[in-house]
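S.K.: Residues per chain, in single letters:
2 protein chains.
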Amino acid sequence: MLNSFRAAATPQRGRGSRTVRVCDLRLDRREGTEKHLEISGLDFNDFLHDLKKEFSIGPREVFVVATTDRTILDFDKFKELQDGSTLYLLQHERQDLPVAAEEHINFTPHYDVVIRGGMHEYYASQGQAPLSYTLAELIDNALSATAKNEGLRSIEIRVLNDKTVGKPAVIVLDNGHGMSSKQLNNWAVYRLSKFKKESSTFASEAEGYVRPDPVPRSLNSDISYFGVGGKQAVFYIGDSARMISKPVGSPDVHELVLSKEEFERKEKNNEDVYSTTILNRRPGDSSHVKNNDERFLHALIAEERGKASFTAVVITGVQPEHITLLTDRLDIVTRQLAHIYHYYIHGVNGHVMSSSSSNSDHPTNIDIQVTLREKPPKCPRAIHLREVEDDMQTLFINAAADTFEFRATTIPERGTVEGIVRYHPFLYDKETYPKDPTVAQEAPDNDDDDNEAGFSDRARKEKPIFECFWNGRLIPYTKVSEFDWCSPRGAKVPVECYSRLSGVLFTDDRFQVTTNKLTFTDLELKLRDKNTIYTIVVNGQKSSKRATIQNEFNQWLQNCHEKFDKQVKFLGFKGTITRHDV
Amino acid sequence: MLNSFRAAATPQRGRGSRTVRVCDLRLDRREGTEKHLEISGLDFNDFLHDLKKEFSIGPREVFVVATTDRTILDFDKFKELQDGSTLYLLQHERQDLPVAAEEHINFTPHYDVVIRGGMHEYYASQGQAPLSYTLAELIDNALSATAKNEGLRSIEIRVLNDKTVGKPAVIVLDNGHGMSSKQLNNWAVYRLSKFKKESSTFASEAEGYVRPDPVPRSLNSDISYFGVGGKQAVFYIGDSARMISKPVGSPDVHELVLSKEEFERKEKNNEDVYSTTILNRRPGDSSHVKNNDERFLHALIAEERGKASFTAVVITGVQPEHITLLTDRLDIVTRQLAHIYHYYIHGVNGHVMSSSSSNSDHPTNIDIQVTLREKPPKCPRAIHLREVEDDMQTLFINAAADTFEFRATTIPERGTVEGIVRYHPFLYDKETYPKDPTVAQEAPDNDDDDNEAGFSDRARKEKPIFECFWNGRLIPYTKVSEFDWCSPRGAKVPVECYSRLSGVLFTDDRFQVTTNKLTFTDLELKLRDKNTIYTIVVNGQKSSKRATIQNEFNQWLQNCHEKFDKQVKFLGFKGTITRHDV
Ligand SMILES: Nc1ncnc2c1ncn2[C@@H]1O[C@H](COP(=O)(O)OP(=O)(O)OP(=O)(O)O)[C@@H](O)[C@H]1O
Ligand SMILES: Nc1ncnc2c1ncn2[C@@H]1O[C@H](COP(=O)(O)OP(=O)(O)OP(=O)(O)O)[C@@H](O)[C@H]1O
Ligand SMILES: [Mg+2]
Ligand SMILES: [Mg+2]
Chain R
1 MLNSFRAAAT
11 PQRGRGSRTV
21 RVCDLRLDRR
31 EGTEKHLEIS
41 GLDFNDFLHD
51 LKKEFSIGPR
61 EVFVVATTDR
71 TILDFDKFKE
81 LQDGSTLYLL
91 QHERQDLPVA
101 AEEHINFTPH
111 YDVVIRGGMH
121 EYYASQGQAP
131 LSYTLAELID
141 NALSATAKNE
151 GLRSIEIRVL
161 NDKTVGKPAV
171 IVLDNGHGMS
181 SKQLNNWAVY
191 RLSKFKKESS
201 TFASEAEGYV
211 RPDPVPRSLN
221 SDISYFGVGG
231 KQAVFYIGDS
241 ARMISKPVGS
251 PDVHELVLSK
261 EEFERKEKNN
271 EDVYSTTILN
281 RRPGDSSHVK
291 NNDERFLHAL
301 IAEERGKASF
311 TAVVITGVQP
321 EHITLLTDRL
331 DIVTRQLAHI
341 YHYYIHGVNG
351 HVMSSSSSNS
361 DHPTNIDIQV
371 TLREKPPKCP
381 RAIHLREVED
391 DMQTLFINAA
401 ADTFEFRATT
411 IPERGTVEGI
421 VRYHPFLYDK
431 ETYPKDPTVA
441 QEAPDNDDDD
451 NEAGFSDRAR
461 KEKPIFECFW
471 NGRLIPYTKV
481 SEFDWCSPRG
491 AKVPVECYSR
501 LSGVLFTDDR
511 FQVTTNKLTF
521 TDLELKLRDK
531 NTIYTIVVNG
541 QKSSKRATIQ
551 NEFNQWLQNC
561 HEKFDKQVKF
571 LGFKGTITRH
581 DV
Chain Y
583 MLNSFRAAAT
593 PQRGRGSRTV
603 RVCDLRLDRR
613 EGTEKHLEIS
623 GLDFNDFLHD
633 LKKEFSIGPR
643 EVFVVATTDR
653 TILDFDKFKE
663 LQDGSTLYLL
673 QHERQDLPVA
683 AEEHINFTPH
693 YDVVIRGGMH
703 EYYASQGQAP
713 LSYTLAELID
723 NALSATAKNE
733 GLRSIEIRVL
743 NDKTVGKPAV
753 IVLDNGHGMS
763 SKQLNNWAVY
773 RLSKFKKESS
783 TFASEAEGYV
793 RPDPVPRSLN
803 SDISYFGVGG
813 KQAVFYIGDS
823 ARMISKPVGS
833 PDVHELVLSK
843 EEFERKEKNN
853 EDVYSTTILN
863 RRPGDSSHVK
873 NNDERFLHAL
883 IAEERGKASF
893 TAVVITGVQP
903 EHITLLTDRL
913 DIVTRQLAHI
923 YHYYIHGVNG
933 HVMSSSSSNS
943 DHPTNIDIQV
953 TLREKPPKCP
963 RAIHLREVED
973 DMQTLFINAA
983 ADTFEFRATT
993 IPERGTVEGI
1003 VRYHPFLYDK
1013 ETYPKDPTVA
1023 QEAPDNDDDD
1033 NEAGFSDRAR
1043 KEKPIFECFW
1053 NGRLIPYTKV
1063 SEFDWCSPRG
1073 AKVPVECYSR
1083 LSGVLFTDDR
1093 FQVTTNKLTF
1103 TDLELKLRDK
1113 NTIYTIVVNG
1123 QKSSKRATIQ
1133 NEFNQWLQNC
1143 HEKFDKQVKF
1153 LGFKGTITRH
1163 DV
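One line per chain: the protein sequences are R and Y, in this order.
Just so you know, we're using my numbering here: the first sequence kicks off at 1 and counts up by one.
Just so you know, we're using my numbering here: the second sequence kicks off at 583 and counts up by one.
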């Protein structure tokens, strides 16, 4: 780069020193020269004196000193100059720059990135009570952390709403592998995704990212992706997060607090907002807890003794609306969570309630529970998600008369989707397609789907067929309506049979979701691509039959209709006969 | 904080120095002591020697030195130690910590915050070609910047797809107030919102945020909010952004480049990724441009001479799919943009095409144009958004037979929404409710809204009535279906009249939108709140009549139906007569 100042690195300075960088840009210069001048302890006149000497400015020479915004320095402005500022030495206030001048800047993101990251993303869920979806981010992390547990994978969402132990708090606890102080530091780095993370302090011990092996329903417990989920979640729920973690194999507990208040204070004091400390201590040592609002921490920390490893996410400054929802409508939250993690909790076949014996065997070692502690005399409550019986997946599974399994493979990336279609028959006088218990009874006069004759011929109404799971967990706002091969065009069975279908799609992370894990970005497009191959799965095996999925599906549906639908029809109505003879 | 190490600030060090902080945590300590040791030039043995001296470790004493992750140091690990690391001096590898130890960490967000911020947010628009919505972020900024222009407010989106001048580029140019180098620095700070910005280098000159005065339709040109829009947009469109700006009243042009490549390079070299330089130069000076791929910059920079102020956002590394869309379907993009900025371009009454004289007067001084330059012999193209005649707002306005204006005021925050309902009558044999030209002809067998008799009685189909504008610009994904007072329950006119309604809502920023400006977060909830007051506006004045909006609306609708609907009905069908006598 010719004819321009190269920004030189600021030289080393002692404490309390203040320097400015002055670029000589007087009119006749062909090349820039720059000097760093020490200004601490100087007033404007002293500075001008030094300047004249350094740049050999003659006693009669006209000059001005300006900031890069062309603000001319004076006595008062000089005092406000920040350490490291770039200044111009000019002949006239508004002269052209004879050569270009570079100026150092720093543009570290504002801390709102961290504390407001989640706010707007979750609000984008349009009034649909996003609290469960933020809690889900913390459960995702706990599922990842417990993936390699030998015994029980225990995850607890502990809601404290009891003045006698402190201010309201939401705590997410898991018995997973925990975090070293390096990993805890990484946790705090917004947008540091698993693909870019250094796992160890030492480069020589770093492990790269390894894509998990394919498993049925993609229940791989590998639900970290963007490096934002945990932070978005805690600052959506409250104002402050205390991460407490003990990693496997270490005798120490590591603690890190990020809080809105601390960010604000540091910014005000012109301190580095992204600099803080991790506290390393022995398990059970709560001597650092002084804040009365958080005195429940003593009991929490006392629980640490004897745990091989764990992580606790302690959220305080909880928004009152969240506490209200968690206290008054815990059933809504647990039902949503039981839906999101249905297959993690119940295993690949989901929650089959009829075989009650196998159900009590608990097919998976994942226990997710939500506990609520209120001020006595109110009793503490605990709901294990696996005990929830009215989440939508449980309803769909248990109302299904038969299922049709398939697989979709996208070309060329070879993304694989497992799919299930379920048939919910018509029985005697009603559709058995399950109704969402959270949706209020529909007002009959608002029902566009009833035809003139007044009977509903569409069990599913406008709802799409498929709910979609990514790495085994629900992505709630993406639903896939149908595929060509299961749409009622050219149907051989009555068209209403198609409205008796529900379904599930399971993808791995070859399909993309948005950072808030609320929607897929590309699933529908890829599935509708004409190169995508659909195959039938029979008894867990790809069918070797060369039949098309369309034919197989039609046959299955016809079979369902004939075998399971019990429709009472009045045929050949002949008129009303009034019998006067009785 | 008792019994714990307080993390002391790292002391000043000379260049090339490497120090570690050692915390003495041998078992019998009641209080921690810590020392900073210089380690540059030392090997592990030298270090141990110094350590023993500093901490008076006896010749027979057993000890280990470990990182805070409890990795025991050895010869090789010692070499990898980073400057500023915290180390433990311990008696045994796995002893408990007698007191807690603090450790400094830094958690500056990863640069993916900046370069991938937009990616996923815009993808969340579910396949609906989000390019226009990213360009809109740059137009928003240009509208804000030109708000106080005396003369024409000129905004140009210049698409370069001509190998003879360099690689493809998208340039957004405006003749607004430009940015000083301080403002350009602020531009780059992700999430620095207007509410927190310092406008000047000098605290004494800082101005606080002032809410714009209320204006009709909230066309206040104040469409900046979150401090993310520009960055999201440029990195959604391409890989690199060159911001070139000349602020009002300054003779200098300021240039700043942010690029994915530079972020990646700096991270690899362990440099501060959020540190860079602004180039300050005279207008027209393109001597710093050396890259052949960007040689179009010479012509662009030559245009600077004589401009009082301007901003140019130059995006390179443009994703091929965007260039394809801009080249092949420029009409789609300009139609969407003309819709988003309809009222900025055409004024409060919108694009009324019948009064062609007043239209050619251009009621506003805003000119937004999209130009496309391809390789000759292809001709350059230019489309002024105000000339677009088939954007949805233009279609709605010109197909309306009458309008009904109202105002909604939310309590207690006193947010005000202006609303318009339009009536699109049935004329002789068809509905005049406009069809979206971008939506393909609906397949007739897919039309759930036609009733059995086969005629469509719903002009609007499933579409909600209201499109919503925030500070005068469209928020595309939030639509409000209807209000109680304009829903067909208990209607006195035929129910199909309700399907002939279109409408617009105009809000200011008392209502919240998501960071990607694609949806409102709270509009529907607030409008449906039972405390919200609706009043009728007649001739631009609030109606003084004490009539309820419901009555007024019913009357208006009845009037529309009687006056404008021209329905030909065959009544009293008597059977078919076949005339044999002709
Ligand atoms: N409960 C936990 N136990 C162990 N490690 C955890 C736990 N929670 C978070 N972490 C670590 O912190 C990192 C950051 O978590 P965060 O949820 O913020 O982002 P992420 O999971 O990487 O990505 P995503 O945005 O997809 O959630 C995780 O990748 C993981 O390494
Ligand atoms: N064309 C322009 N002319 C002048 N200043 C601009 C221009 N574009 C951006 N800026 C400045 O840069 C800042 C950052 O722009 P950016 O679009 O990234 O965020 P924002 O507009 O503040 O907020 P939002 O996220 O709502 O867009 C703006 O607030 C404005 O001060
Ligand atoms: Mg996560
Ligand atoms: Mg903006």
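Some hints could be false.
Simulated crosslink set (DSS-like; lysine-lysine; CA at most 30 Å straight-line) [claimed, not checked]: (1) Y:Lys1043 / R:Lys194; (2) Y:Lys1043 / R:Lys196; (3) Y:Lys617 / R:Lys479; (4) Y:Lys1061 / R:Lys479; (5) Y:Lys776 / Y:Lys848; (6) R:Lys79 / Y:Lys848; (7) Y:Lys779 / R:Lys492; (8) R:Lys194 / Y:Lys872; (9) Y:Lys776 / Y:Lys889; (10) R:Lys77 / Y:Lys779; (11) Y:Lys848 / R:Lys479; (12) R:Lys197 / Y:Lys850; (13) Y:Lys776 / R:Lys463; (14) R:Lys461 / Y:Lys779; (15) R:Lys194 / Y:Lys1061; (16) R:Lys479 / Y:Lys1045; (17) Y:Lys776 / Y:Lys745.
Simulated from the structure, these hints should not be mistaken for laboratory data.
All of these numbers come straight from a predicted model, not from anything done at the bench.
S.K.: If a hint holds in the structure, say so; if it does not, say that too.
M.R.: Each hint, compared with the structure:
1. Between Lys1043 of chain Y and Lys194 of chain R the alpha-carbon distance is near 46 Å, which puts this suggested pair outside the 30 Å criterion.
2. Among the hinted pairs, Lys1043 of chain Y with Lys196 of chain R is inconsistent with the structure: their alpha-carbon atoms are about 48 Å apart, more than 30 Å.
3. Distance restraint check for Lys617 of chain Y and Lys479 of chain R: the Cα-Cα separation of roughly 59 Å exceeds the 30 Å cut-off, and the hinted pair is therefore not satisfied.
4. A hinted pair counts as satisfied when its Cα atoms are at most 30 Å apart, and Lys1061 of chain Y with Lys479 of chain R qualifies at roughly 20 Å.
5. Of the pairs offered as hints, the one joining Lys776 of chain Y and Lys848 of chain Y holds, with about 29 Å between alpha carbons and a cut-off of 30 Å not exceeded.
6. Of the pairs offered as hints, the one joining Lys79 of chain R and Lys848 of chain Y is violated, with about 34 Å between alpha carbons and a cut-off of 30 Å exceeded.
7. Of the supplied pair hints, the one linking Lys779 of chain Y and Lys492 of chain R is violated, its CA atoms being roughly 66 Å apart against a limit of 30 Å.
8. At roughly 37 Å between alpha-carbon atoms, Lys194 of chain R and Lys872 of chain Y are farther apart than 30 Å, so this suggested pair is violated.
9. Between the alpha carbons of Lys776 of chain Y and Lys889 of chain Y the distance comes to roughly 26 Å, so the proposed pair stays at or under 30 Å and holds.
10. Under the criterion of a C-alpha separation no larger than 30 Å, the hint pairing Lys77 of chain R with Lys779 of chain Y is consistent with the structure, at around 19 Å.
11. For the suggested pair Lys848 of chain Y and Lys479 of chain R, the alpha carbons sit about 41 Å apart, so the restraint of at most 30 Å is broken.
12. Restraint check for Lys197 of chain R and Lys850 of chain Y: the C-alpha separation of about 13 Å stays at or below 30 Å, so the hint holds.
13. Taking the CA atoms of Lys776 of chain Y and Lys463 of chain R, the gap is near 42 Å; set against the 30 Å cutoff, the hint is violated.
14. Among the hinted pairs, Lys461 of chain R with Lys779 of chain Y is inconsistent with the structure: their alpha-carbon atoms are about 50 Å apart, more than 30 Å.
15. About 37 Å separates the Cα atoms of Lys194 of chain R and Lys1061 of chain Y, which puts this hinted pair outside 30 Å; it is violated.
16. Distance check on the hinted pair: Lys479 of chain R and Lys1045 of chain Y sit about 19 Å apart at the alpha-carbon level, within 30 Å; holds.
17. Note on Lys776 of chain Y and Lys745 of chain Y: the hinted pairing is violated, with a Cα-Cα distance of about 39 Å set against a maximum of 30 Å.
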